[in-house]
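Q: Read off the chains here:
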Amino acid sequence: MAPDTRSEAEATPVEPVRYTRGFVAFLGVMVLPAVVALGVVLGAAAVADEVHAAEDDPAQDVAAWKESLVGICPIH
Amino acid sequence: MRGLFQRLGAALVFIDFRNLWLATALAQAASWGLIVTRGWLIYREAESSFLVGVATFAAMGPMLIVPPIVGVLADRMDRRLILQASYATEVAQSSALLLLALTGVLEVWMVVVASLVSGVARAASVPTAQATAASLVPPERLLNALSLTASTQHGSRLFGPALVTPLLALSGAPAAFAVSVVLYALALHRVSQVTPQRVLQTGPRESFVANFVGGLQYVYMRPVLRMMLLILVCHCAFTMAFESLLPSFSAERLSAPDEGFGSLMMGVGAGAFVASLGVSGIQTERRRGSTLILTGVLSGLGQVILALTTALPVAIAAAAMMGGAQAAFMTIGSAVTQSIATDEYRGRVASINSFSLGGMMATMNLLNGSIAEQVGAQPLLLIHGAIFVVIVGLTLLPATGRRVYGRTATPVAA
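Heads up: the sequence lines are chains H and R, in that order.
In terms of the numbering used here, the first sequence is residues 78 to 153.
In terms of the numbering used here, the second sequence is residues 314 to 727.
Take the hints with a grain of salt, since some may be wrong.
Per label pair, the in silico range of CB-to-CB distance [claimed, not checked]:
(1) H:145 <-> R:564: 18 to 28 Å
(2) H:132 <-> R:357: 25 to 35 Å
(3) H:94 <-> R:359: 43 to 53 Å
(4) H:138 <-> R:720: 58 to 68 Å
If you want the footprint, here are the derived chain H segments under chain R, 3+ residues with CB under 8 Å [stated by the list, open to error]:
(5) 112-118
(6) 128-140
The hints are simulated quantities; they were obtained by calculation from the structure and are not laboratory data.
Bear in mind that the values here come from a model prediction, so they are computed numbers and not experimental data.
Glycine included, C-beta positions come from ideal geometry on N, C-alpha and C.
Kindly generate the complete structure, drawing on both the sequences and the hints.
A: Encoded structure:
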């Protein structure tokens, strides 16, 4: 078989999106990190007041996941 | 010497690219000047590092949201128009800051809102400029064009703050805001000289989400493009998410809590500037591939050396090597992806670059920061650097990986 000398751009025609397992995994790798980063920052913003209030007043109780979220986020 | 300049600036002979490059350089300098000015102003007014962090996040956060939208737009409409709109927005927000500062009514929340507006405009202009550059120069000049843009980006981190810092000390924020207004206005003028960049549309119009997912499918269906992007994602995950580690590394390992972090970051910046300028002279695909392998290995190795040393001068040298290798690797990686993509997908490919790589760096910085509190920064730097060197080696094994590094006869560029 002769070697494929076409460029990669020409080699594969554009097709309708098919959600194969490989494509879904690829989608996850490319999209999830940004979603996670946004989720952490926005989530921490939502619970930061509650966590900081609990830090100032030990009588107040706050869920551990809220403390962790605020702990991970660099701007909270 | 003249020959060297001609080789390093080979893409600048194309007038449209020269105008785009100048516009990008002016806007980047203005942007870094503004970041310093806003931080200085907020800290002086509120004495709060937290609020400085909020303003910086407001400026950087849109990089995680805006690129997917702009990438689709950049493949549908005139890219020059997007750049003009971005720079006009920057002129408007920095002019508003200037007027508010001059009239004495500027408050911290207004600066944060301006940071957000500026962040959105910047997140729109960066991938659009990358996609535009690829269509303004022939494929053999693309690496040179992107390297010049990257070196400008790194250089502006030094030039922008250097321009505004004396003004802040001498006459306060209004003069620094005025400099940003002028730089953005000049950028707008320059980008308006570029020939309109309309993309030839083939196929039916789809929704934004369908268009963006279509861009990801386009990447997924092209093995070399997919492999290159996955290598870049790994590079961002293992070698470029170091900012959250360096402060504690400086304090614990180098015993230099005050000057260590700043010195290491300067080393990274200086290395990045020199290296991204250096790769602009690369002219052949094979040399581009060899440099990609070398800088990939040095990127991981620099981090390993940094982790192993306890002497600040050696750490600064390792940081410079790491910064230089990272910048060169990312620049060549962008050139490979843009040279493979056809023009109707370049906006989306550039936006996937910004969105996915920025997202991975942000997430890994968050993770590294919290893991380092348990195990310390040194083991993380060491292990991550070593992992990336192994990844570079492993990607040379399959035929697709060798094509990424220009190790087969089959051409990669379109």
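Q: Hint by hint, say whether it matches the structure.
A: How the hints compare with the structure:
A beta carbon spacing of about 23 Å between residue 145 (chain H) and residue 564 (chain R) agrees with the range 18 to 28 Å that was offered as a hint. Our hint of 25 to 35 Å for residue 132 (chain H) and residue 357 (chain R) holds, since their Cβ atoms are close to 27 Å apart. Between residue 94 (chain H) and residue 359 (chain R) the Cβ separation comes to about 48 Å, which falls inside the hinted range of 43 to 53 Å. Checked against the hint of 58 to 68 Å, the C-beta distance between residue 138 (chain H) and residue 720 (chain R) comes to roughly 60 Å, which is consistent with it.
Residue count for the stretch 112-118 of chain H with a Cβ under 8 Å from a Cβ of chain R: 6. That meets the three needed, and the coverage hint holds. A stretch counts as covered by a chain when three or more of its residues have a beta carbon under 8 Å from one of that chain; for the stretch 128-140 of chain H and chain R the count is 0, and the coverage is violated.
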